[in-house]
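Peer 1: Going down the list, the sequences are from chains A and B. In terms of full-length UniProt numbering, the first sequence has 48 at position 48, counting the first letter as 1, and numbering is strictly consecutive. In terms of full-length UniProt numbering, the second sequence has 45 at position 45, counting the first letter as 1, and numbering is strictly consecutive.
Just so you know, not all the hints are guaranteed correct.
Derived CB-CB ranges, DEER-like [said to hold, decoys possible]:
1) B:A132 to A:L238: 39 to 45 Å
2) A:R42 to B:N232: 53 to 59 Å
3) B:D221 to A:T311: 41 to 47 Å
Residues from chain A that keep clear of chain B, each with C-beta distances beyond 10 Å, as calculated [said to hold, decoys possible]:
4) A18
5) L190
6) V191
These are computed hints drawn from the structure, not numbers from a lab. The C-beta atom is built at its ideal place from N, Cα and C for all residues, glycine as well.
Listed below are the residues making up each chain.
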Amino acid sequence: MTRFVERHPAWALIVIIAIAVALWLIFAVWPAGLEEAIGRKRVFLNALFNGITLGGLYFLVASGFTLIFGLMRNVNLAHGSLYLFGGYVGYAISASTGSWILSFIVAFILTALVGVLLQVLVFRRMEGQDLRQTMVTIGLSIVFADLMLWACGGDFYQIQTPTWLIGPIDLPLVTAMKSSGEPVYLRYPLVRLVIFLASVIIGIAMWLALNRTRIGMIIRAGVDDRDILAATGVRIQLVFVLVFALGAGLAGIAGVVGGTFQSLSPGEDIRFLLASLVVVIVGGMGSIPGAALGALIIGLAEQLGSVYIPTYAIVVTFLIMVLVLALRPQGLLARR
Amino acid sequence: MSVTHDARIQVRTAAATAQRTVVRGWPDVNNPAAWIVAAILLIMPLIANGFFLIEIFATTLILGTIALSLMFLTGYGGMVSLMQLTIAGFSAYMVAVFGVSGNANISLGWPWWLAVPMALTLATIFGTLGGALAVRTEGIYTIMITLAIGAAFYYFTNQNWAIFNGHTGINNVGTPHFWGVDWRWDIPFYYIVLAVAAICYFAVDYISRAPFGLALQGVRDNPRRMAALGFNVNAHRVAAYAVASFVAGLAGVLQVWNYRQISPGSVSVGACIDILIIAVVGGITRPIGPYIGALVFVLLRTFALDFLVKIGLDGNRFRLLIGLGFLAIVFWSSDGVIGLWQRWRQSQRPRSDHPGGGRGHG
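Same shape as in the complex, but just chain B:
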């Protein structure tokens, strides 16, 4: 579909378009900034204490991974799906239902290495079915249908007591414990989250350059021509939903381990929209965007209250701040923070050989 294409058409320069045909190597291998970021992330437990490690960085990586699945669908497939958080939440619920939790009458008590694959499989099936429904429509219709799916799931979890335990949700979800390590301790958990986020990031980046990803981007740019070339347009879209659902499902597992509980509040409509905000604020053309957006979002969510109080305003207005920031970014840049940064780089350097430019566009 061309909606995302339209939105980005101004920022995509002719140079970037020309670069799209160039076969690219591994991402960011030559970019010193990427190595520095990777090193900082690896030694983070030495720098940050428990609060920053989990509440800021692990949460950022989890939210970023959910937003990454949205970025994959939107940036490469041209489909804006608001149900990515719902899929993550479904996966989280499944971990709680099949695994160990405080609600013994609901949870089946499977060990984590059985419950997690089960949850991932079911979440992928759920997301793929939702995607199969959503690809029957295009563009803004997709947004509405996925939003409706997300809302239906939210209300369903609120009303269903047999599996989802109504509005109280499932508490005291068990976390993995093996090799003598409780993997929910701050530092091991941070590394699990980091590893999953890195795998998802590189996987999405790899897929975007693999034949499937290239075909998907072709479908995004011109579905009719791709169909004429013999590609099954809808199959590619549904497959993209399957990939994105798996990524979102992984993040959902981490999320339920992080909070040790899951309730309908975590899959509410507002939270679904937050994921879209994260992806858009970060930038939906490259896999790094969602993580940047997630960092901005988590920092705002955590510190906006203190900040507002400090400058003498009502601290409860932090959603206003987030909303206004989102509006400003959507208004001034159609590619989020990345777009702003890229534009700034371009204005610094009139020649268009800026590093990273067009690299993630695919």
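Just chain A, same shape as in the assembly:
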């Protein structure tokens, strides 16, 4: 942090000012002039929170993607299919048993199993052939998409939110003052906050596991140089399978999350594949903190964009990607 400030004082100043402005926008009661210029504060805060929680969902999808890429250098373009598969499994479980928590566990286990099969049957056979792996995953995503369309049809599914999470809560953020001088607080759906919190916890857990445990050490070593790692006697294939299972399982969990606060339908697989692509391109391929930053930026850009410039929201996301590519082609937080 101090090194960043020392090396880029101008950028650091800009970042600090931006954070200060954002904090003021969030916590202060907006003066009337500002409300006239850019709309009500409640709309802004809602978009902000939607963006942050959407970022949490994107992080869940993209972190598995970036983890798999970081270690094994294979771009799993079937990642979106794993997301949708997890969502459908979660829907089936929660509809039949009524348990929301159980649907996460089962979705994680089943998608992780699919991931293990993919790694053992497909990727191990063509190690080091990037392009062929990519093509195969494209073929697999087509096959999976059609199989899921066959099994589940083209309907929209939404996973039932458990009763203890239904309903909005008041957040200690003032959106406006009533004429009587009484503050109006922001009301926000509890389930989205809980999901966001969960994705933050998963992110921190992943960071801890990668940086503080032995297996994390092996994975980080594998990211740097897997040949040398294999030469030191680590059973690298086992590590590959584990990482693939974890990445796929995260996509499955994300599917349940997405099925709860959005909906599941054919085509969502491609949408989330693209979202995770953009997220990891912006954040930096193979970097977990990069995925978190990218997911936050893209989620915010999508939601704030859809409120303030509705026609061109998608183009804002794209422009961010172009900007990052132009200034820092390896991604914001990538090391190389």
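Following the hints, complete the assembly by docking chain B onto the known chain A.
Peer 2: Quick look at chain B alone, frame taken from chain A:
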């Protein structure tokens, strides 16, 4: 970049590598099969009726030309671009916007001989800018960035009503009409498509043997060495994108004339990936590959439904069939149908003097 190189390293025999240094003559002049195919294509209107002529053969040639632009980038430049269909779609949109269409509030109503060059120019600029962005990255990153560009364009056309008319698209696009011939009639249109496809095919084949193409293949095989020799690696790559964009733009013009309408559905992400499937199924090392792939794809797309119903399966599963076929080809052969055929020829004839072998490798 070496990704495509890696994928093909097993099929490229030592003999083929040795042949690369040999200066080659015009392609397929000595190959009787090529003359037969050319003759059949020329007299096709006598054989096939309107449905086959347009829905199968003209569509094959159009899709094949779009896939040819991808083959040029991938096979010679080592860059897998998933935005070739997007460029074609952009060109198609531009023809509809500048030319005549049913949406009078959008179309400017220019005659076709003004609208088409304009569309081609803009499509080439669009593709070159996208390429300039994509060459900042390498290998699989290129796939992802071009896929993201394609997706962004798709969503943009869906949301923009001022130019692209949202998700309804632009309908009743005018087609050229001169010398007393309506060039959208089946037979004249087939010959236009055939002529454009042939020009693109021979142009790509020519470029692959021209100094530029050879330098591009050098860049593909070893960018660092080419840079050391004084070649501007990125300039060659961007120029390759420009050429490919022009080819894709031409195909886009034909596509909009073929369907007389253009909508975001035609530039969707799935359609972008279809182009990759076509090129890979056909084979990405030679210009003929994309056309073979396109023929297979169009036949499957058109008849898989009837075929599946006939053998007692659900006809809606034709995408499953395409996906499985694609998987099988990617699994067993890294050079598509051409690779399979070449391998079969080699197994027939143990000596490696098979005709056409290594000819298109460049």
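Peer 1: Out of the numbered hints, which ones does the structure contradict?
Peer 2: Every hint satisfied by this model.
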